[in-house]
Amino acid sequence: MKVLVADDDRIAATMLSKTLRQWEFDVTVVSDGAEALRYLQTQGSKTPTLAILDWMMPKLEGADVCRRVRLEMPLANMYLMLLTSLETKGHIVAGLDAGADDYLIKPFDPEELRARINVGVRVLSLQERLTERVTELQDALANVKQLHGLLPICSYCKRIRGDDSYWTQVESYIAERSDAQFSHGICPPCATVLEKEIEEHRQNKHGGR
Amino acid sequence: MAGDAQAIFDLAAFDRQTGGDVSLRSEIVQMFLEDCPGRVAEIRAAIADGDATKLVAAAHALKGSAAYMSAPVVRGHAGELERMGRDGQLGGAPAVFAALDAAVAELLPELQKLID
Numbered sequence: 000m001k002v003l004v005a006d007d008d009r010i011a012a013t014m015l016s017k018t019l020r021q022w023e024f025d026v027t028v029v030s031d032g033a034e035a036l037r038y039l040q041t042q043g044s045k046t047p048t049l050a051i052l053d054w055m056m057p058k059l060e061g062a063d064v065c066r067r068v069r070l071e072m073p074l075a076n077m078y079l080m081l082l083t084s085l086e087t088k089g090h091i092v093a094g095l096d097a098g099a100d101d102y103l104i105k106p107f108d109p110e111e112l113r114a115r116i117n118v119g120v121r122v123l124s125l126q127e128r129l130t131e132r133v134t135e136l137q138d139a140l141a142n143v144k145q146l147h148g149l150l151p152i153c154s155y156c157k158r159i160r161g162d163d164s165y166w167t168q169v170e171s172y173i174a175e176r177s178d179a180q181f182s183h184g185i186c187p188p189c190a191t192v193l194e195k196e197i198e199e200h201r202q203n204k205h206g207g208r
Numbered sequence: 000m001a002g003d004a005q006a007i008f009d010l011a012a013f014d015r016q017t018g019g020d021v022s023l024r025s026e027i028v029q030m031f032l033e034d035c036p037g038r039v040a041e042i043r044a045a046i047a048d049g050d051a052t053k054l055v056a057a058a059h060a061l062k063g064s065a066a067y068m069s070a071p072v073v074r075g076h077a078g079e080l081e082r083m084g085r086d087g088q089l090g091g092a093p094a095v096f097a098a099l100d101a102a103v104a105e106l107l108p109e110l111q112k113l114i115d
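Those protein sequence lines, which keep their order, are chains B and H. Position 83 of the first sequence, counted from 1, bears residue number 82 in numbering that gives the first Met the number 0, the numbering being contiguous throughout. Position 70 of the second sequence, counted from 1, bears residue number 69 in numbering that gives the first Met the number 0, the numbering being contiguous throughout.
Keep in mind that the hints were calculated from the coordinates and are not lab data. It cannot be assumed that every hint is accurate.
As the list claims (entries may be wrong) - Estimated spans, in silico, between C-beta atoms of each pair: (1) B:Lys58 x H:Gly18: 27 to 33 Å; (2) B:Val92 x H:Gly18: 45 to 51 Å; (3) B:Ser177 x H:Gly18: 54 to 60 Å; (4) B:Leu125 x H:Ala6: 44 to 50 Å; (5) B:Val92 x H:Gln29: 46 to 52 Å; (6) H:Arg85 x B:Ala114: 42 to 48 Å; (7) B:Glu71 x H:Gly18: 33 to 39 Å; (8) H:Asp9 x B:Asp96: 30 to 36 Å; (9) H:Ala12 x B:Leu74: 47 to 53 Å.
Source: prediction; values computed, not measured. Ideal Cβ placement from N, Cα and C applies to all residues, glycine included.
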């Protein structure tokens, strides 16, 4: 799992990044908000990314990074945590309102941080699975869609007129537009009619002699 | 004296913070010993200039690193100076700074012992 650490204080950044590496996360460290935003933008919408952001940073504050990510990448799979020594209720509310998923006060408690990161990882994994499921459903829907709508069909030979104005057999029309395949046979009612016709044909032939 | 030393620096809390990683402990202590005098100088200058914005930034930075160093007294004084800066009320700042300076003077040798 990729984790971004953004803090302009090297003590905070080192403490956090080394702790995360002990837990085997793939950690990237940046020292200002603009760099943090650039990193998150390059991750794209599909890579699950967890970011732990300081609030007071040069160039762009942590809360503004959250705001920009939510505004510019609303579908990105990103879990954003603010880790700051700004501990008033007003800051906590403002941070979460800006788009942070969680808010922690410095210094982090290792056990609490671990537990909160696990929450983030769970949310990211869930969203990743949901995204995959939506893609599968969209693919399935694209196939079904081709068989939607009003189809002109010949009521005598059952051929269907396609978009190209050619009349095609109903089975080839469906086979081209879905995953369905056809195995040919004769159903019992048709078999009865056919047997009758064959019998009549035979009798006519004999009668003709 | 031992009681005062405990109050200025909480070794048990610091070990918990570093997860018992000795190399991380040394690295962090070294960084703090290098960075702290500069931070204190920035705070001193901001108070002398009556610059509340600079005071907030410098005191906030020292408060954050002192928190990771498990140094509650320095953290407390730095937090107090940050609040004064935010409120734009620097009247009491020199007195708090004197206390901060004294606490730092007590803290740094304690930390130095960890890496000697």
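These are the hints, each one checked on the structure:
Checking the proposed 27 to 33 Å range against Lys58 of chain B and Gly18 of chain H shows it holds: the Cβ atoms sit about 31 Å from each other. At roughly 31 Å, the beta carbons of Val92 of chain B and Gly18 of chain H sit outside the given window of 45 to 51 Å. Taking 54 to 60 Å as the suggested C-beta distance range, the pair Ser177 of chain B and Gly18 of chain H conforms, at roughly 57 Å. In this structure the supplied range 44 to 50 Å holds for Leu125 of chain B paired with Ala6 of chain H, their Cβ-Cβ distance being about 46 Å.
Roughly 38 Å separates the CB atoms of Val92 of chain B and Gln29 of chain H, a value that falls outside the hinted 46 to 52 Å. Between Arg85 of chain H and Ala114 of chain B the CB atoms are about 31 Å apart, so this pair departs from the stated range of 42 to 48 Å. Restraint check, Glu71 of chain B to Gly18 of chain H: a C-beta distance of roughly 36 Å satisfies the suggested window 33 to 39 Å. The hinted range of 30 to 36 Å is satisfied by Asp9 of chain H and Asp96 of chain B, whose Cβ atoms lie roughly 34 Å apart.
Taken as a hint, the range 47 to 53 Å is violated for the pair Ala12 of chain H and Leu74 of chain B, whose Cβ atoms sit roughly 41 Å apart.
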